Amino acid sequence: MGILISPKRLFDVPVHARCITPDTFSTLSLSEILNLEVHEGNRKRKLKELFEVSTGPYTSPEGFTIWMKGDFSKVRYIGYGMSTGKIVLEGVAGMHLGEEMKGGFIQVYGDAGSWVGSMMQGGRIEVFGDVGDYTGAAYRGSGRGMRGGEIIVHGNALNETGCYMRGGLIKVYGSVGQFTGMHMHGGTIMVGGETEGRDGAEMTKGKIVILGRVPSLLPTFKIEAIKPRVKVGEERVEGPFYMFTGDLAENGEGKLYVSKNNNPHLKEFEKYLSPVKVK
Amino acid sequence: MRKIENVICPVCGSLCDDITVYVEDNRVVEVENTCAVGRAKFLNYGLHRKPKPLIRKNGELKEASIEEAVRRSAEILTESKYPILYGWSSTSCEAIRVGLELAEEVGGIIDNTSTVCHGPSILSIQDVGIPSCTLGQLRHRADLVIYWGSDPYSAHPRHIERYTVFSEGRFQKSGWRSFIRRLSGKLVKKRLSRVAELILRRKLTFPEEKYALPPYFISEEERKLVVVDVRKTRTAEVADYFLQVKPNTDYEVLQALRMLVNDQDLEVDEVAGIPVRTLEDLADLMISCDFGILFFGVGLTMSKGKLRNVDAALSLVRDLNKRTKFLIMPMRGHYNVTGANVVFTWQTGYPYAVDFSLGYPRYNPGETSVVDILRRGECDAGLVVASDPVSNFPASAAKTLVDNPLIVIDPDVTPTSMMADVVFPSAYIGIEAEGTAYRMDHVPLRLKKVVEPPPNCLPDQEILARILREVRRIRRG
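Which chain is which? The protein sequence lines are A and B, in order.
Heads up: the first sequence is residues 1 to 279, going by my numbering.
Heads up: the second sequence is residues 1001 to 1477, going by my numbering.
Quick caveat, the hints were computed from the structure, so don't treat them as lab data.
Keep in mind the model is a prediction, meaning the values are calculated, not measured.
Hints are not guaranteed to be accurate.
[To be verified] Among chain B residues calculated to face chain A with C-beta under 7 Å, some are:
1) Ile1130
2) Gln1255
3) Ala1256
4) Arg1258
5) Gln1264
6) Val1271
7) Lys1325
8) Tyr1360
9) Asn1364
10) Glu1378
11) Asp1388
We treat Cβ as the ideally placed atom computed from N, Cα and C, and that holds for glycine.
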């Protein structure tokens, strides 16, 4: 048993739909779902006024499934605080996808906006397109970003991925903007492509693994070793990697692994490595 | 001729309060003590102002009565699903308060010009905190003044003279003597080298070391001025020491300074092109002062890194406070942009980019800030008060703004008002109307009314109150 949703028209103003979560839908009948309240700009609307909603035989191992089809780029807070079930979105997702999520699974076959999985505590988000800024970050002014769960982005991400992150795993297979892992206090970020620099700025703990090229490193990172491979979540990624610690301006103990083969310009740091004792 | 003393200048965030204005036949004829910018405003305000409100009919702006313009504005705002209310930094706190009430009533987004200047500073201040003070305290105590990414000689012309380096404090001598000494030293050197050239009959060249602290701090009692910028500005020319950073590398330099202040070693030889030795000298200078102040401007907040540059600057000052007394202050531009932040915070809890569309205030710059909303094409009506976004917003944002119904309340004729649907020519706050404004150090000052406004030009507060009353009347049916 599941629900199919698609927008009735293209929205021009933001639509706030915190109610689109498996937790809410699974406890209600279809007629109750149709009358749920959403906001289109400053107007209160019922779900049925903006979206085509129907029931269908959509099931998944995660439980109650919501199947979304169409352009949801203006629809915000999809899967807000969900703890169970699954959302499959074929199209574009708006901002704050899976914010404060505690469990369940969100799959997006398309792009997603900024603040994907911000402050999430558990569950899994997989985006097959690109995402915006502040993936797995904290709410403005808060120092507690993503604390658990997993975000996998197959495309690119923009700035400040994993800002104030405290736990969990973010994998971006494409490239990222600057300030990846800003103020990071824990957790793991892996970047498959290149970055725009300033990675791990002001991080105190946690791990960032960059497989592509970094333009430069912050002066507040110190080289520790060259490692042949590194563990990201359950898997091992083959290197070799330069291992840096930082951010020393914050007395941080964060680990920054940067691919050796893709960053020949970082070779100058090798002179700071202590010479290996030969027996 | 009437002489009015202690008038406050409504131009920049310094809010100089020692202006003398001479008025004859309801016209300002002479001003004293102002800078060139303030003088130009007092003597030439209202030259191009339209006598009556304007409404666009069949593509042309036609004169209309105030009542008609108020009704049209109220209709635009009540019909809109996501209106934006922008500007607010060059008007009085009283007008801003009414504006916030209007934003709540119409369920709109209200944002002030800090969104394009010191908005990132506010985000970082919320993250890190700010050790700050009033300008009066600096005037009497500061012995090291740093301007980072700001050029007060051009933007706040009397800032250095009134509050920092060239002001004579009760406990701290002014720095103008060392400036004169340095200037005459340069002159003597130039003359001597000319004499030497004439004697030796060849051109002499002196190698100039690019990054070295000057050897002469002759008088330790006098204030020192350090300027950090990407180019040699007018302020940099009077500075004791000028550090030129590469554009978009402020973050690296600030972080490196933090390490040096914390007695840690840098593994690199140079940071963003600046030798570490130079940074060590600067860190020494910062630690050895008794009372330092770092002013930062839009050079820090609007270059690459934005809020994180300010984050690093605030953290640097936090680290410096373990060693000495050090403070930090943003150089606010418009005369009441600080007031806009204060009134926004007092009314809604958030300093800018407040979204009332859900009925309660929400705040998330990037999502609820006006430039981002306009660039995504999400708004469907606009109200601009005392600002000119069409001139200085990105083209795509300005396009959304003018493609939708637009109301402008502004005493000046600007590109924004020329493209608007309803235009209210208002009275100049601080010249033709009273009002409260906050100086950049959060000190509220009462702006004076020195002349009477023209009959159809009401103060912003009054126009907004009338629109609000009309909106409420329409809503109640």
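Structure-based check of each hint:
| no. | hint | verdict |
| --- | --- | --- |
| 1 | Ile1130 | violated, 14 Å |
| 2 | Gln1255 | holds, 5 Å |
| 3 | Ala1256 | holds, 5 Å |
| 4 | Arg1258 | holds, 4 Å |
| 5 | Gln1264 | holds, 6 Å |
| 6 | Val1271 | holds, 5 Å |
| 7 | Lys1325 | violated, 21 Å |
| 8 | Tyr1360 | violated, 11 Å |
| 9 | Asn1364 | holds, 6 Å |
| 10 | Glu1378 | holds, 5 Å |
| 11 | Asp1388 | violated, 25 Å |
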